[in-house]
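**Q** Residue strings, one per chain:
Number of protein chains: 2
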Amino acid sequence: MLTRRTIKFVHSLAQKKYRDDSLCFVAEGRKLVYDLLAAGMKAEGLYATDDFLASLPASLLPASTAVHPCTVAELAALSALASPPKGGGAICVFHQRPLVSVTATEAIGNTLSIALDGVQDPGNLGTIIRTADWFGIHRIFASHETADVYSPKVVQSTMGALARVEVIYTDLPSFISSLPESTPVYGTFLDGDNCYTAPIERPEAGLLVMGNEGNGISAQVADGVTHRLYIPPFPDSSCGSESLNVASATAILCAELRRRIRAK
Amino acid sequence: MLTRRTIKFVHSLAQKKYRDDSLCFVAEGRKLVYDLLAAGMKAEGLYATDDFLASLPASLLPASTAVHPCTVAELAALSALASPPKGGGAICVFHQRPLVSVTATEAIGNTLSIALDGVQDPGNLGTIIRTADWFGIHRIFASHETADVYSPKVVQSTMGALARVEVIYTDLPSFISSLPESTPVYGTFLDGDNCYTAPIERPEAGLLVMGNEGNGISAQVADGVTHRLYIPPFPDSSCGSESLNVASATAILCAELRRRIRAK
Numbered sequence: 465m466l467t468r469r470t471i472k473f474v475h476s477l478a479q480k481k482y483r484d485d486s487l488c489f490v491a492e493g494r495k496l497v498y499d500l501l502a503a504g505m506k507a508e509g510l511y512a513t514d515d516f517l518a519s520l521p522a523s524l525l526p527a528s529t530a531v532h533p534c535t536v537a538e539l540a541a542l543s544a545l546a547s548p549p550k551g552g553g554a555i556c557v558f559h560q561r562p563l564v565s566v567t568a569t570e571a572i573g574n575t576l577s578i579a580l581d582g583v584q585d586p587g588n589l590g591t592i593i594r595t596a597d598w599f600g601i602h603r604i605f606a607s608h609e610t611a612d613v614y615s616p617k618v619v620q621s622t623m624g625a626l627a628r629v630e631v632i633y634t635d636l637p638s639f640i641s642s643l644p645e646s647t648p649v650y651g652t653f654l655d656g657d658n659c660y661t662a663p664i665e666r667p668e669a670g671l672l673v674m675g676n677e678g679n680g681i682s683a684q685v686a687d688g689v690t691h692r693l694y695i696p697p698f699p700d701s702s703c704g705s706e707s708l709n710v711a712s713a714t715a716i717l718c719a720e721l722r723r724r725i726r727a728k
Numbered sequence: 465m466l467t468r469r470t471i472k473f474v475h476s477l478a479q480k481k482y483r484d485d486s487l488c489f490v491a492e493g494r495k496l497v498y499d500l501l502a503a504g505m506k507a508e509g510l511y512a513t514d515d516f517l518a519s520l521p522a523s524l525l526p527a528s529t530a531v532h533p534c535t536v537a538e539l540a541a542l543s544a545l546a547s548p549p550k551g552g553g554a555i556c557v558f559h560q561r562p563l564v565s566v567t568a569t570e571a572i573g574n575t576l577s578i579a580l581d582g583v584q585d586p587g588n589l590g591t592i593i594r595t596a597d598w599f600g601i602h603r604i605f606a607s608h609e610t611a612d613v614y615s616p617k618v619v620q621s622t623m624g625a626l627a628r629v630e631v632i633y634t635d636l637p638s639f640i641s642s643l644p645e646s647t648p649v650y651g652t653f654l655d656g657d658n659c660y661t662a663p664i665e666r667p668e669a670g671l672l673v674m675g676n677e678g679n680g681i682s683a684q685v686a687d688g689v690t691h692r693l694y695i696p697p698f699p700d701s702s703c704g705s706e707s708l709n710v711a712s713a714t715a716i717l718c719a720e721l722r723r724r725i726r727a728k
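Residue numbers (the working numbering), protein chains in the order written: chain A, 465 to 728; chain B, 465 to 728.
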């Protein structure tokens with residue numbers, strides 16, 4: 465039986481201030497909850513039907529005090545989503561990832577990371593996390609104006625990639641200025657170089673900066689960009705859209721940087 | 465002054481059955497309404513603030529009987545969106561594009577088109593239309609299971625690209641089977657060939673098929689695919705996401721086909 469207090473707590477996590485207080489977030493749906501448990505995310509409370517619980521390998525089952533068998537109706541009452549995922553079965557309150565303090569250089573290392581300069585749409589953020597996961601990018605550095613990674617819309621649209629990609633909120637201009645000069649910082653601009661032909665010495669490393677949906681990359685962040693790129697429309701003199709959706713542009717640039725490694 | 469009947473009509477267009485009856489759809493926001501008027505879309509009724517109307521070149525102003533100056537409060541009452549676009553200013557009822565009857569061969573010609581096999585999320589459809597526009601793709605053939613291009617969410621997320629990209633609903637398996645054998649039909653499959661190295665003789669032509677968010681390309685449509693492709697994850701043996709978001713995958717493949725033309 466779910467208490468009113470539990471229902472109230474789970475619903476409260478739809479709001480950022482309660483997520484910030486409790487350092488928890490909610491994930492809904494069998495596949496998502498399974499993927500996050502399988503990735504080792506720590507469950508505070510797992511609310512699920514008996515058949516979902518029976519389907520979980522013992523190694524993924526949280527401590528028994530955190531497991532709450534529920535009926536389908538109870539899960540429906542617990543859901544905070546306008547359209548709960550089909551098949552229902554599980555809602556889980558997870559602990560947010562603990563914050564770790566590392567220098568910018570350590571955080572980037574010799575790998576490729578993404579920086580988001582005010583991406584505000586939760587669906588775009590979720591899609592970018594999924595793209596990062598596909599292309600083996602494990603860290604996303606987000607400005608404080610970027611959507612909250614633990615908001616229900618973001619969590620649901622990552623399709624589990626959230627478990628494998630870390631999103632770290634930071635002051636982006638100072639973060640970038642603290643990187644060694646040798647770290648390539650890529651960004652897209654209308655006057656940038658064709659991303660397919662621009663010289664890129666180390667496509668395997670650096671920071672790919674993506675800007676806000678309406679305004680692109682802010683002036684302060686643009687100062688730190690070392691490689692100004694552009695995704696050419698087709699034909700070159702296209703009089704069509706002024707821009708691509710930011711998640712689509714991120715996908716194209718990640719794909720291109722990964723293609724370059726293989727083409728070397 | 466807006467009549468209750470007008471408000472009721474505009475609101476009714478959020479539902480497909482009323483759009484199908486009236487063959488109209490609604491677009492909201494200064495930029496979107498401007499872009500659609502500029503593209504020659506025919507307005508049935510333009511509801512806008514005086515400053516928006518004054519900013520329109522005379523050539524874009526609809527017939528005076530279709531122009532209805534409104535206050536900001538009237539526009540707010542007319543809006544059917546949960547979050548109306550910032551800056552408001554204009555809501556316009558447009559006529560849907562007239563349906564034209566052409567053969568599959570005529571419809572495709574020697575250009576690249578996209579086919580959508582059950583893409584159900586309106587945001588994904590809108591983003592794909594915007595991507596198509598960026599890459600000079602003017603026609604999208606959509607199965608009847610695909611989201612409705614005139615639904616408010618799709619219209620808003622196309623950012624005006626709707627004016628330049630035609631979406632044609634059709635029975636996709638028969639459409640594909642009526643294409644000449646020489647027309648390349650591209651599709652993505654987990655066992656497809658690396659899209660960066662697979663031989664593609666005529667990247668400028670053919671049909672790029674994208675599948676449903678959960679199930680991919682249906683068996684019937686897959687039968688017609690001549691080039692089975694795959695977007696390689698990184699590293700190759702990635703144990704991350706099982707798939708990319710369909711709009712992200714579309715962006716990567718359109719970009720790659722366009723890159724191939726330039727690389728020839």
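Derived by calculation from the structure, the hints in this document are not laboratory data.
Source: prediction; values computed, not measured.
Fair warning: there could be bad hints in the mix.
Any copy, or any two copies together, can satisfy a pair, since identical chains are not distinguished.
Below are the DSS-like pairs computed for lysine-lysine, each with C-alpha atoms no more than 30 Å apart in a straight line [stated by the list, open to error]: (1) 617 <-> 481; (2) 728 <-> 495; (3) 506 <-> 495; (4) 728 <-> 481; (5) 617 <-> 728; (6) 472 <-> 728.
**Q** All hints, please: hold or fail.
**A** Evaluated hints:
1. 617 <-> 481: The answer is both: 16 Å in one copy and 28 Å across copies each meet 30 Å.
2. 728 <-> 495: neither (37 Å within a copy, 43 Å between copies)
3. 506 <-> 495: within (16 Å within a copy, 45 Å between copies)
4. 728 <-> 481: So residue 728 and residue 481 fail the 30 Å test inside a copy (47 Å) and across (54 Å) alike.
5. 617 <-> 728: neither (38 Å within a copy, 42 Å between copies)
6. 472 <-> 728: neither (55 Å within a copy, 61 Å between copies)
In terms of the numbered hints stated before, the structure departs from hints 2, 4, 5, 6, listed from lowest to highest.
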